[in-house]
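> The residues making up each chain are set out below.
2 protein chains.
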Amino acid sequence: MKSINDLSTMEPKEIRELVKQNKLTRPTSGMAVDYVQANLVVLKKELAFDFLLFCQRNPKSCPLIDVTEPGSPIPALVAPSGDIRTELPKYRIYRHGELVEEVTDITSYWEDDMVGFLIGCSFTFEQALINNGIKIRHIEEGCNVPMYKTNIQCEKAGIFHGQMVTSMRPVSEKLAVRAAQVTSRFPSVHGAPVHIGNPATIGIEDINRPDFGDSVTIKEGEVPIFWACGVTPQAVAMEAKPELMITHAPGHMFITDVRNETYSVL
Amino acid sequence: MKSINDLSTMEPKEIRELVKQNKLTRPTSGMAVDYVQANLVVLKKELAFDFLLFCQRNPKSCPLIDVTEPGSPIPALVAPSGDIRTELPKYRIYRHGELVEEVTDITSYWEDDMVGFLIGCSFTFEQALINNGIKIRHIEEGCNVPMYKTNIQCEKAGIFHGQMVTSMRPVSEKLAVRAAQVTSRFPSVHGAPVHIGNPATIGIEDINRPDFGDSVTIKEGEVPIFWACGVTPQAVAMEAKPELMITHAPGHMFITDVRNETYSVL
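Chains as they are written, first to last, in the working numbering: chain D, 728 to 993; chain V, 728 to 993.
There's no promise every hint is true.
A pair holds if it fits inside one copy or across any two, identical chains being indistinguishable in the list.
As a list, the in silico DSSO-like pairs of lysine-lysine whose alpha-carbon atoms are at most 27 Å apart [what the hints assert, rightly or not]:
(1) K740 <-> K883
(2) K883 <-> K772
(3) K772 <-> K787
(4) K772 <-> K968
(5) K883 <-> K787
(6) K771 <-> K883
(7) K740 <-> K750
(8) K946 <-> K876
Since the hints were derived computationally from the structure, they do not count as laboratory data.
Assemble the whole structure, with the sequences as input and the hints as a guide.
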């Protein structure tokens, strides 16, 4: 079995091939670190316009990096040789908003009118933060990033509406501005923070009890910084209770052929 | 009649009211200069998903700033009190890809399944260039910006496909990098240039014969800089020959309530 060190420098296509052969079913954090990873939402065409509109109206939480043609599993813009039915390590099947199954292949669920939405993932800007000397606490502590429901209302579109989910990373006060600058360069992967400082301001009651992921240590002299999170569109789609929705399992992303820096502005 | 000087500092809402009352039917360049102006495309819902997808895949030429709910003429994100049926100074009606009429009000054409797409306009970044000491030649020469068809292929989506149209502004060689930096801050209004230098590289045969707009002087020591242009989505939609499409008339934009700087990143 490949070590994570080997996987960090492997080409996206090679990793996707291992995933397709079910030789790799782990979370993708740390793999092909120079390449953009993506969240997945699959819906039937009848809901695709509303969901696309929701993403367009909420670019911070739903930064779309590719949308497949109805019926096609190929993400032509970001991985022309890829297939979103087999190349994510794990998927979740939701029926009427309820999680009914986790699978490693969705070929048997695929229908001719399905549309796949690939949404940018914060792994891209975490690499940029690291390159700027800002350590990522949940990586240091070997756990998942803490995520919180907030009181920040998303712009609704058709049946899709709800609040923004944010991820949180503690940063030393003297690097907080730098963290805002660095992530601002990447609007396609959530971009600048939505809040720095007091969790209560955005409706978070207890910073030590995230709604998703794991709690991390906030040290003396550090400030919690909140970014819009790719869990938002899934949470919102779940609320809308579509007959069938397929997503990636948390942390089990699609690895694209696009380098992180491609999405930076300036 | 208000002078352009009065109009430059008027509130968008006041200008839209004058437009609605048919007291203002001129091009909107120079009006409410601190606020974002937008190109308009109106299509029936049956084509809206494909067109939205086209915009999503071609963000440099089709930077969407708002999309109305099907049937609603209200651009809720950028001008909640606005109405796209009456508040643009002039509209063009296309049937099967042919221009059939210019009107100052589209209320009689409006149908319950129509969707309005507002697309960012380069007036926003021109103001930023001016603020950085970069003069805009077509403003100096009192004419329209020169626009050219290029060989740069857009990503297709459904029935929509075609080449990018670019606008061109000559900039002194020593300010060319600054022009690229300044406009990079505004990805929602076409962003960074797509080409600096030789027009032939992007398929432009004669820089003195633009496909749209007017020719401008390129002085000794200046380099032509090309940006993706908001005419692209109209040109592409025209190629697709939809039964009915409504657009703004060139230069006759919708003035939003959103300040230019709101769309800057960093």
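> Have a look at K883 and K787 and pick one of within, between, both or neither, based on CA distance no larger than 27 Å.
Result: close both inside a copy and across copies, 14 Å intra and 25 Å inter.
> Given a CA cutoff of 27 Å, do K771 and K883 count as a within-copy pair, a between-copy pair, both, or neither?
both (19 Å within a copy, 20 Å between copies)
> Could you place K883 and K772 in one of the four classes (within, between, both, neither) given a Cα distance threshold of 27 Å?
Both ways: K883 and K772 sit 18 Å apart in one copy and 18 Å across, limit 27 Å.
> Check K740 against K883 for me: Cα-Cα at most 27 Å, and say if that holds within a copy, between copies, both or neither.
For K740 and K883, only the inter-copy Cα distance (24 Å) is at most 27 Å; the intra-copy one is 36 Å.
> Which holds for K740 with K750 at a C-alpha limit of 27 Å: within a copy, between copies, both or neither?
within (14 Å within a copy, 60 Å between copies)
> Taking 27 Å as the upper bound on the Cα-Cα distance, should K772 and K787 be classified as within, between, both, or neither?
Answer is both; intra-copy 24 Å and inter-copy 26 Å each pass.
> First find the shortest C-alpha distance between K946 and K876 inside one copy, then the shortest across copies, and answer within, between, both or neither for a cut-off of 27 Å.
Within one copy, since 22 Å is at most 27 Å while 56 Å is not.
> How would you label the pair K772, K968 (within, between, both, or neither) given a Cα cut-off of 27 Å?
The answer is both: 15 Å in one copy and 23 Å across copies each meet 27 Å.
In terms of the numbered hints stated before, the structure departs from none.
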